[in-house]
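Enquirer: Listed below, chain by chain, are the residues.
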Amino acid sequence: AQKITQTQPGMFVQEKEAVTLDCTYDTSDPSYGLFWYKQPSSGEMIFLIYQGSYDQQNATEGRYSLNFQKARKSANLVISASQLGDSAMYFCAMSAGNTPLVFGKGTRLSVIA
Amino acid sequence: DVKVTQSSRYLVKRTGEKVFLECVQDMDHENMFWYRQDPGLGLRLIYFSYDVKMKEKGDIPEGYSVSREKKERFSLILESASTNQTSMYLCASTRDSITDTQYFGPGTRLTVL
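If you read the protein sequences in the order shown, they are chains S and U. Read in order, the letters of the first sequence are residues 1 to 113 in my numbering. Read in order, the letters of the second sequence are residues 1001 to 1113 in my numbering.
You may find that some hints are simply not true.
Below, a sample of chain U positions facing chain S; criterion: calculated Cβ distance under 10 Å [stated by the list, open to error]:
| hint | residue |
| --- | --- |
| 1 | 1037 |
| 2 | 1058 |
| 3 | 1104 |
For lysine-lysine, the following DSS-like pairs were computed, each having C-alpha atoms within a straight-line distance of at most 27 Å [said to hold, decoys possible]:
| hint | chain 1 | residue 1 | chain 2 | residue 2 |
| --- | --- | --- | --- | --- |
| 4 | S | 105 | S | 73 |
| 5 | U | 1070 | U | 1055 |
| 6 | U | 1013 | U | 1055 |
| 7 | S | 105 | U | 1055 |
| 8 | S | 70 | S | 3 |
| 9 | S | 3 | U | 1057 |
| 10 | U | 1003 | S | 105 |
| 11 | U | 1003 | U | 1053 |
| 12 | S | 16 | S | 105 |
| 13 | U | 1053 | U | 1018 |
| 14 | U | 1053 | S | 105 |
| 15 | U | 1013 | U | 1057 |
| 16 | U | 1057 | U | 1018 |
| 17 | U | 1070 | U | 1003 |
| 18 | U | 1055 | S | 3 |
None of these hints come from the bench; they were simulated from the model. Built from N, CA and C at the ideal position, the CB exists for glycine as well.
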């Protein structure tokens, strides 16, 4: 069975600083995908970034990058130059085999001016 | 852009009522999903559908049923609403595979009194 663990219920970061949100995963399937979503207070889940298990390079999308460490089974999200609008819940998710995404419990990020 | 819409942002119902939550996607996606989201529990999969009239149970199907009569529309039905079904309900879709990136609707916050 697939499992996603996000150990940080809440995080604070100063505006313009970088922040890392932790995510570890567990699966026995060699082929899997890792996703990060952002959920602002409005409630909609916004897709941020994807990493495939066979991708050689870490994924990047603008200010978002995914620090993928396969041996440690971690897929941390790094947000550079934090902005006030980055304050939200962040969810890590995984797909493996032929099962839909499994989500972690989320990390609430608060950006301080 | 993918657009997933849900019939209501907020809904208040009484215990024992039959409740319909509607979800529509306009990008000809094959697969659709219903989740509920509760504080501290993350997103939990209720049901998903990989084709018209086809459905699969997720992790917490008890107390719910679904209907997919047309490709673009996926309905979640609470046959007899109970207070423990008060939650945020999120609909999502994927283009080809159930393991693809999921695109979400804005969510329906349901309160059962």
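Enquirer: Checking one constraint from the list: CA of residue 3/S to CA of residue 1057/U, max 27 Å. Satisfied?
Expert: 18 Å, holds
Enquirer: Is the straight-line distance between the alpha-carbon of residue 105/S and that of residue 73/S 27 Å or less?
Expert: Given that 27 Å is the threshold and the Cα spacing comes to 17 Å, the pair holds.
Enquirer: Measure nothing beyond the straight line between the CA atoms of residue 1053/U and residue 105/S; if it is 27 Å or shorter, mark the hint as holding.
Expert: Status violated; Cα separation ~31 Å.
Enquirer: Is the straight-line distance between the alpha-carbon of residue 105/S and that of residue 1055/U 27 Å or less?
Expert: 25 Å, holds
Enquirer: Does the structure keep residue 1053/U and residue 1018/U at a Cα separation of 27 Å or less?
Expert: 21 Å, holds
Enquirer: Hint check: residue 1003/U vs residue 1053/U, CA-CA at most 27 Å. Holds or violated?
Expert: Status holds; Cα separation ~21 Å.
Enquirer: Would you check the hint for residue 1003/U and residue 105/S, treating anything up to 27 Å between C-alpha atoms as holding?
Expert: Holds - the C-alpha atoms of residue 105/S and residue 1003/U are around 25 Å apart, at most 27 Å.
Enquirer: Given the proposed pairing of residue 1013/U with residue 1055/U, does the C-alpha separation stay at or below 27 Å?
Expert: Since the Cα atoms of residue 1013/U and residue 1055/U sit roughly 26 Å apart, the hinted pair holds (cutoff 27 Å).
Enquirer: Taking only the CA atoms, is the gap from residue 1070/U to residue 1055/U under or equal to 27 Å?
Expert: Satisfied, since the Cα-Cα distance of roughly 13 Å is no more than 27 Å.
Enquirer: Taking 10 Å as the limit, does the beta-carbon of residue 1037/U come near enough to a beta-carbon in chain S?
Expert: 8 Å, holds
Enquirer: Keeping to a limit of 27 Å between CA atoms, is the pair of residue 1013/U and residue 1057/U held or broken?
Expert: 24 Å, holds
Enquirer: Holds or violated: are the alpha carbons of residue 70/S and residue 3/S at most 27 Å from each other?
Expert: 15 Å, holds
Consistency note: the structure conflicts with earlier hint 14 alone.
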